[in-house]
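Asks: Position chain B relative to chain A; hints supplied.
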Amino acid sequence: MLLDALRPDLPGLDRARHADADSKSEPVRDRAGAATRPKGAARGIAVTVRDLRKDFDGHSVIDGLDLHIPAGQFTAVVGRSGCGKSTLLRLILGLETPSGGRIGLEAPEAASRRNAPSKRIMFQDPRLLPWARVVDNVAVGLTGLGSRAERRDRALAALAEVGLADKAGQWPATLSGGQRQRVALARALVSGPGLLALDEPLGALDALTRIGMQGLIERIWQQQGFTALLVTHDVAEAVALADRILVVDHGRVALDVRVDVPRPRRRGDPDLAALEGRILEHLLGEQTA
Amino acid sequence: MNRRLTPWLLPVALLAGWQAAVTAGLVSNRFMPAPLDVARAGLAAASTGELWTNLGVSALRALAGFAIGGGIGFTLGLANGLSRISERLTDTSVQMIRNIPHLSLIPLVILWFGIGEEAKLFLVALGVFFPIYANTLHGIRSVDPGLVEMGRVYGMSRFELFRRVVLPGALPSIFVGLRYGLGIMWLTLIVAETISASSGLGYMAMQAREFMLVDVVVLAILIYALLGKLADALTRQLERVTLSWNPAYRTA
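For the protein sequence lines, the chains are A and B, in the order given.
Just so we're aligned, residue 1 is where the first sequence starts under the UniProt record's numbering, counting upward by one.
Just so we're aligned, residue 1 is where the second sequence starts under the UniProt record's numbering, counting upward by one.
One thing to keep in mind: the hints can contain errors.
Pairwise CB distance ranges, derived in the manner of DEER restraints [as the list claims (entries may be wrong)]:
{"#": "1", "chain 1": "B", "residue 1": "Thr6", "chain 2": "A", "residue 2": "Thr174", "range": "24 to 32 Å"}
{"#": "2", "chain 1": "A", "residue 1": "Pro264", "chain 2": "B", "residue 2": "Gly155", "range": "31 to 39 Å"}
{"#": "3", "chain 1": "A", "residue 1": "Ser99", "chain 2": "B", "residue 2": "Thr92", "range": "32 to 40 Å"}
{"#": "4", "chain 1": "B", "residue 1": "Thr6", "chain 2": "A", "residue 2": "Pro264", "range": "55 to 63 Å"}
{"#": "5", "chain 1": "B", "residue 1": "Glu149", "chain 2": "A", "residue 2": "Ile211", "range": "25 to 33 Å"}
Bear in mind the hints are in silico, worked out from the structure with no lab data behind them.
Bear in mind the structure is a predicted one, so any value in this text is a computation, not a measurement.
The beta-carbon is built from N, C-alpha and C at its ideal position, and this holds for glycine as well.
Just chain A, same shape as in the assembly (with noise of 0.2 Å):
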């Protein structure tokens, strides 16, 4: 069966909005209409997660996890190196076997039935094909979907979007760190997924680069309305992006905090500073105790 998501005159990264929307008439590149819509609806995973536990070697790193992550919400989790935040987002994306609790993703109805690939990851590292050019690097995120042509034209549709459109020819060696990472970008939204994960993906880029690019994902998933799970170290990020923040400690959650700053947000603001700030005394205050 042929989906409706794959028809060509819907590129991928538009057809959130299209969730419900099965007749082929309807236009479809009217960008400032979507970042008005009321977003996750449409197309987020919700995520609970109950008494979630993981052992590695009878060591426990995650131990005894209760969250709710509602469709559409920008979530981020820090915490301190070890703290098992980087093992909470495989176990939600079933790259680790828990050890025991549940985890439960609940994609919209509408998701579901296109059966599209519900989540996608983005690593620290882009994990880039070097021997698929720029292109079909980011068609990979389209593996087993449509036929060739398709796939490369969703694929090209992706690149415009993070802005690479002239690089589709090129290998990924001849990229600069944050290009490759807006290629790994456009690769985990090109099958619009309900859920990205997010490991980390600026922790290698210089400052300059890394708020281009959160800028870039805050503006995509404002199109998009998927769940965002970012891992970040860095609470300032954290701070800029999400709609909440939660601080894991000794594998559970330590500190549930809500970011009720409106977008778009301004760096520097007092508001995110203050925030900023408890978080990370937060932190602190762990590591003296």
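Replies: Same frame as chain A, now just chain B:
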């Protein structure tokens, strides 16, 4: 143009020096014929067709042996790289056999096969097998596990994972094996033909020695050098085409 010619400067200068030394009487041409004599011998052998027959016979042996040994080595390398069970079953045996110099088997091979074609094929295949096997295995082992995980997360089937991630990742190492294998291929074949054969380049050289035709002996040796260079150039070209993504191979 200049860059293409530069590598040949040294061989040509050597030939010129050699010719000069023989002409000047510094070297007796009973032991070391002048390049022009060698060229003359080459022309003579080529015009009688003897050279081409022997060259053809040798090339066929080399390629057939290479295809057999390389094919088995490649297949086993893939199997052992992809399957723990296969590796546990065969790797120890392969490593033990590897430590036997394959040319030491010549007496045994002659007893088994006489001086027929099988003997040469067997030795060449055996010699080529190991570098191809070891490098294929190593190539697959050294594929970035992060890329394999990425492929899995993005829903690649086992076959797709192999075709799009594992095999291209192993290719640079497989090419190293290929080049080693080609070197061993010639070496083995020449030794085998020199010791026991009734045709081929090695046989031609041995026959010439019987009749003290030094120029033909040297001709055979020069042909080995050219064939080795040819095989190497072909592999390089293949590398350049298939590994063009890799900055290390992307030269002119």
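Asks: All hints, please: hold or fail.
Replies: Results of checking the hints against the structure:
no.: 1; hint: B:Thr6 to A:Thr174: 24 to 32 Å; in the structure: holds (28 Å)
no.: 2; hint: A:Pro264 to B:Gly155: 31 to 39 Å; in the structure: holds (34 Å)
no.: 3; hint: A:Ser99 to B:Thr92: 32 to 40 Å; in the structure: holds (35 Å)
no.: 4; hint: B:Thr6 to A:Pro264: 55 to 63 Å; in the structure: holds (60 Å)
no.: 5; hint: B:Glu149 to A:Ile211: 25 to 33 Å; in the structure: holds (29 Å)
In terms of the numbered hints stated before, the structure departs from none.
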